[in-house]
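Line order of the protein sequences matches chains W and F. The first sequence begins at 10 in the working numbering and counts up by one. The second sequence begins at 13 in the working numbering and counts up by one.
Treat the hints as calculated values from the structure; they're not laboratory data. Here the structure is a predicted model, which is why all the values come from computation and not from measurement. Among the hints, erroneous ones may be present.
Not the full set, but computed from the structure, chain F residues with beta-carbon under 7 Å of chain W [unchecked claim]: (1) Y37; (2) Q54; (3) G55; (4) L56.
Virtual Cβ for every residue (Gly too), placed ideally from N, Cα, C.
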Amino acid sequence: DAGVTQSPTHLIKTRGQHVTLRCSPISGHKSVSWYQQVLGQGPQFIFQYYEKEERGRGNFPDRFSARQFPNYSSELNVNALLLGDSALYLCASSPRGSGANVLTFGAGSRLTVL
Amino acid sequence: AQSVTQPDIHITVSEGASLELRCNYSYGATPYLFWYVQSPGQGLQLLLKYFSGDTLVQGIKGFEAEFKRSQSSFNLRKPSVHWSDAAEYFCAVKVGSQGNLIFGKGTKLSVKP
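This is chain W alone, in the form it adopts within the complex:
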């Protein structure tokens, strides 16, 4: 069974540009979460989606947005990129949106902003 897949694996953008990151959850998982991991830090929660609805949002500016599609895949969009947006963006999926469930992470998309 395929795990959580993310694309692209690496990308380089310049300040002010826009980026879209994609995530496919494990088959049967209906919840997708996004995390940002800056070098040397632990991951920070950005968004959670469950059944195509936003269920949680971390402390990130409105330049960050996301959505979940009917097939439960998800996109993370970041507008007006800043140097500080350089990070590893991790997607995680879980069977449910709450309760005692476990997040399974993908390998991440490494974004470099120049």
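Following the hints, put chain F in place on chain W, whose structure we already have.
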């Protein structure tokens, strides 16, 4: 506010030696607790979790962790470290009714021959 503290930024142990990585959390109720491992350039792999019940939990790769409510701790242990255990280890707590995790800043483990 909820938080997770991993006091040790970097630990070096000899291969075959025992290991303990510390984790303390701040949370009003009994949380769901996790340890994840991250190899360089990789995503996070779940080592073990604590939801309820027996406070000593076993995980993959020979790791175990003990939940101590009185100390608000969830320390990770391994009796004999292998060179392949070199990685970064993250403790995390799940908060609220949603699925998001709060992570510590991580402990980087180096293993010397």
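Here is what the structure says about each hint:
no.	hint	verdict
1	Y37	violated, 13 Å
2	Q54	holds, 6 Å
3	G55	holds, 4 Å
4	L56	holds, 4 Å
Checked against the numbered hints given earlier, the structure breaks only hint 1 and satisfies all the rest.
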